[in-house]
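Colleague: Using the sequences provided together with the hints, build the complete structure.
The listed protein sequences derive, respectively, from chains A and B. Per UniProt numbering, residue 1 is the first one in the first sequence, and the count goes up by one each step. Per UniProt numbering, residue 1 is the first one in the second sequence, and the count goes up by one each step.
Honestly, the hints are just simulated from the structure, not real lab data. Hints are not guaranteed to be accurate.
Stated by the list, open to error - Simulated coverage check for chain A against chain B, where a stretch passes if three residues somewhere in it have a Cβ under 8 Å from a Cβ of chain B:
1) 98-105
2) 137-148
Stated by the list, open to error - Here are the simulated lysine-lysine pairs, DSS-like style, with alpha carbons at most 25 Å apart:
3) B:K2 <-> A:K7
4) B:K2 <-> A:K14
5) B:K83 <-> B:K39
6) B:K86 <-> B:K43
7) B:K212 <-> B:K39
8) A:K74 <-> A:K51
9) A:K17 <-> A:K51
10) A:K51 <-> B:K39
11) A:K17 <-> B:K43
To be verified - Among chain B residues calculated to face chain A with C-beta under 7 Å, some are:
12) M1
13) L3
14) L7
15) P9
16) I12
17) P14
18) S15
19) G56
20) D58
21) P76
22) Q129
23) M205
By construction, the Cβ of each residue, glycine as well, lies at the ideal position given by its N, Cα and C atoms.
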Amino acid sequence: MSYYSVKQMLEDAKENKMPLWETIMMDDVLAQHSSREASLHQMQHLWEVMKTTSTEYRASDHSHSGLVGGDSAKVTEAAKQGCLIGDNFLNEIIAEALKIGECNACMKRIVATPTAGSCGVLPAVLIPLAKKEQLPDEAIVYALYVAAGFGQVVAQRASIAGASGGCQAEIGTASAMAAAALTALKGGSSEMCAHACAMALSNLLGLVCDPVAGLVEVPCVQRNVAGALNAVGAANMALSGVVCRIPADEVIDAMGEIGDQMSADLRETGRGGLAATPTGKKIAAELLRH
Amino acid sequence: MKLFDILGPVMIGPSSSHTAGAVKIGLVTRRLLGVPPIKAEIKLHGSFASTGAGHGTDRAIIAGLLGMQPDDERIPNSFELAKKEKLDFSFSTINIRGAHPNTAVLSVAAADGRTLEIVSASLGGGRIQVCQIDGIDTNFSGDCNTLVVHNLDQPGHVAQVATVLAQRNVNIATMQLYRNVQGGYAVMVVECDQPIPADLVEWLMTLDGIIKVSYLNLEN
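Modeller: As structure tokens, this is what we get:
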């Protein structure tokens, strides 16, 4: 069936006496006439691809337009020099989000989570945490199911496409998925995961999709950083017992409605927002000339 | 909504519509042609025309024509590979009234003289729609085993195709019929649950009134 509401997903998990990740996995296995083993194998594969993308990053790579490349390496280097705010873990998240986003812009292999433009958010929070806490692949795979479950509900009730919902549907959804995954990884309850998802999405409501020259580069790559750090904030709030006053399903519905109200100029057309600034237009005109 | 549509697909960046979908357009065209193309003229419309270069849409379409999948790491180098595989290609832009913003027109030819003209649109998330085959409007995704029969618009051809599929135990999932004018050129698009046997296609081609048969079977 795949879930139309977070509420139903949580109730099912309680009723089946199964962990949330397993409830989500089994729902898909039954709907797709697949098997537990095949599903777990596929999820492990996605995690492998995420890690591979990260290791194949090269600071010297640049996108076709030349607008993107080398930024992740700058953050890593500055962090090493000790001149940044926050601890190393925090800066690893920033560097990782940029890294995966840059790889995407440079035509490397990525996992769309949920979209190509937002592919940096989940790996940005999972890779550094797995390293820091020596988490087994199994734990990450379970967390990925939790992320997918919440993402599915967003896709069903609202949208995960920038063209229909703006960037809140892409980076916003990715951040909500990552927040839920992190909460699950740290042993939070299903309700806490839902609160984390709701808070992360709430924080990014209204975010527009305004790519300069229509490319998945500016500001897309850097917005992956916003999505990742926001996910950590939401997960830590949820794990501390902080709740979102609006239930996750209603936050998702609000996101969908905001998307409908958004001008088409702000939905992946490259006509509004940053794309319509004097510099944005100049960049677009220069690229078109070449 | 499949779970692995939310986490996934694994693809070469940067865009599911402009890169992954573009690979699929090339791949479906190659499969429908039936053999590797040696010549391809590609016209890009709308957003494909204006942002295609920055998204690698051009390299993605060529990669698909060379038989690559959307997650193939050789996609960025497909122009060089095309040279090696002796695929001669050209790109231009076109403005088609009312077409989806991500539309491409592919005219391909094979060494044995076969030709095909396909108009496809990339709908987002890597999904595509084949909108036209040889000038006749169609509407299918390439996500099913698909049999495409071009025939004269005269009685009996639908029955012939349906009968022979039934005889081979191939179940029809959907069937669409299109024609340019009454008694003119018709195209039948049949999506099937089972792969389409190659010899069935050869037999269909021997029938009077059948002009051309193309098909694509899903891999795995």
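Colleague: Check each numbered hint against the structure and report the violated ones by number, ascending.
Modeller: Those not satisfied are hints 9, 10, 11, 20, 22 and 23.
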